[in-house]
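Trainee: As a plain string of letters, each chain reads:
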Amino acid sequence: MSPDRIPVIERIMGANDELALQNRRMLDAHHVHAINIMASPGAGKTTLILSTAKALQGRQRLAVVEGDVASSVDADKVRAIGVPAVQINTGGGCHLDANQLREALEQLNLDEVDLLFIENVGNLICPVGFALGEHTRVAIASVPEGDDKPHKYPGIYSAVDALVVTKVDLLPWIDFDMAEFQRLVRSLNPDIRIFQVSCVTGEGMAEWVNWLLTLTQAP
Amino acid sequence: MHELSVTENILEIVTRHAQQADAKRVVRIHLVIGELSSLVDDCVQFYFDYLARDTIAAEAQLVFERVSITLRCPHCAHTWQPDSADWTCPACGKAQATIQAGREFYVDSIEVE
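Sequence lines, in order, name chains A and B.
The numbering of the first sequence is the numbering used here, which starts it at 0 and goes up by one.
The numbering of the second sequence is the numbering used here, which starts it at -14 and goes up by one.
Chain B extracted, bound-state conformation:
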């Protein structure tokens, strides 16, 4: 359900930047989505096609750059990508990991004509 409101946000950001650049048409939209954010790509493209149909971004293709979770251990400086919800450091065994990447949720760039 909330993908609809998220898609409205994406469309608003994209059309604003495209108009500022005097673009005629938006061809592609590059999104950066961390693994810890919950957007599901297929339905977002579906919502987008519907919402954007009468706009400068009609038929634009959404391109998702997925960012894996990257953790860093403050004790031994080890960085790794966890394969489970146990975020204990595999190098030193301490459980103090900080999130380096995985919460991204932004419009990176647009391709326009």
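The shape of chain A in the complex, shown without the other chains:
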């Protein structure tokens, strides 16, 4: 007897996507705008979050969810500047998923938050495949990583709303073709916003912060 073929047509990520939708509803009910921040390890995710938090002080109430394979080093740094933070340890997992964010959201007082940064696990491949319920997706690329990253990881560059190029104060010492890099990124993602930032000199921070303010002030 030959086997019968039964159509299924069901998304493999359906269960995660359903939880992400629930997270989104919870965030919306509390008027929180959530930003999923994705980058490779060492790109400067935590440093950018810390600098941004200082720049937004008194203007927006922030909270941070820190995703890491292990340790609470990043959440400790965020709490040290007076911003609520929840650490998620993925125990080897290469990305955050919607269920982990759900658990983190339950530990925050969302009525006292306007803007939530979700720092994903350092990884340019996996996080982009797992919706969390975020409103905005941001990738970070640091100048020392090189200008060829879009060639290797088109999946993430084509799927984010904005890209922050960090450590631009190092450009004079590093062979990084900013124009070609931006041309390539825009070919993958014509609508992407690109910011050039140095958390050391403060260059570009105002433009980035102003854009964040437009996100939370949108109706």
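By construction, these hints were calculated from the structure, which means they are not laboratory data.
Accuracy of the hints is not assured; some may be wrong.
Said to hold, decoys possible - Sample of chain B residues lacking proximity to chain A, with all beta carbon distances greater than 12 Å (derived):
1) D27
2) Q30
3) D34
4) Y35
5) R38
6) D39
7) R51
8) S69
9) A70
10) F90
11) Y91
To be verified - Covered by chain A, per the in silico footprint, the following chain B stretches (three or more residues, Cβ under 8 Å):
12) -3 to 8
13) 18 to 25
14) 79 to 87
As the list claims (entries may be wrong) - Looking from chain B toward chain A, a few residues come up when the C-beta cut is under 8 Å (computed):
15) V12
16) R13
17) E98
Just so it is clear, CB atoms sit at the ideal spot from N, CA and C, and this is done for glycine as well.
Start from chain A and add chain B according to the hints.
Mentor: For chain B alone, coordinates are given in the frame of chain A:
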């Protein structure tokens, strides 16, 4: 690492549909995986063999239908499959491509007895 949780999802979907169809055994599972999703096939079959061993889908074979990235230029309507991460339209030179295919990630069908 995340292939394990993805494989759990696949097994859950497959066993649910097989039970609904009153199947005795799942022989083959057809998956449609776009080039922009990151699943690696060999290790998924390995995880699947382990996770499915006491289920209706034990020893089922995973069949991967890979979908290449297909882009479309909104200016000149050219469609093409890129061979690099430069998605500038090769016909008109504008960089406004939209993704027509390549993000697929679903269980298409199962073969059961």
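Trainee: Each of the hints needs a verdict: does it hold here or not?
Mentor: Hints, one by one, checked against the model:
The Cβ of D27 (chain B) lies farther than 12 Å from every Cβ of chain A, with a closest approach of about 17 Å, so its non-interface assignment holds. For Q30 (chain B), the requirement that its beta carbon stay farther than 12 Å from each beta carbon of chain A is met, with the minimum near 15 Å. Non-interface call for D34 (chain B) relative to chain A: holds, since the shortest CB-CB distance, roughly 18 Å, exceeds 12 Å. No beta-carbon of chain A is positioned within 12 Å of the beta-carbon of Y35 (chain B); the least distance is around 17 Å.
Non-interface status of R38 (chain B) relative to chain A is upheld: no Cβ of that chain comes within 12 Å, the nearest being about 20 Å off. With a closest Cβ-Cβ approach of about 21 Å to chain A, D39 (chain B) is found to remain outside the 12 Å limit, as its non-interface label requires. Taking the minimum C-beta to C-beta distance to chain A, about 14 Å, the non-interface status of R51 (chain B) holds against the 12 Å cut. Look at S69 (chain B): its CB is around 7 Å from the nearest CB on chain A, not clear of 12 Å, so calling it non-interface is violated.
Listed as a non-interface residue, A70 (chain B) fails to keep its Cβ farther than 12 Å from every Cβ of chain A; the least gap is roughly 4 Å. A Cβ of chain A approaches the Cβ of F90 (chain B) within 12 Å, the least distance being about 5 Å, so the stated non-interface status is violated. Residue-level check failed: Y91 (chain B) sits 5 Å from the nearest beta carbon of chain A, not beyond 12 Å. Three residues within the 8 Å Cβ limit are the bar, and the stretch -3 to 8 of chain B against chain A gives 7, so the coverage statement holds.
Figure legend: the stretch 18 to 25 of chain B, annotated as covered by chain A; annotation consistent (3 residues with Cβ-Cβ distances under 8 Å, at least 3 required). A stretch counts as covered by a chain when three or more of its residues have a beta carbon under 8 Å from one of that chain; for the stretch 79 to 87 of chain B and chain A the count is 4, and the coverage holds. At its closest, the beta carbon of V12 (chain B) sits 5 Å from a beta carbon of chain A; the interface hint therefore holds under the 8 Å criterion. A cut of 8 Å between beta carbons decides the hint on R13 (chain B): the least distance to chain A is about 7 Å, and the hint holds.
At its closest, the beta carbon of E98 (chain B) sits 5 Å from a beta carbon of chain A; the interface hint therefore holds under the 8 Å criterion.
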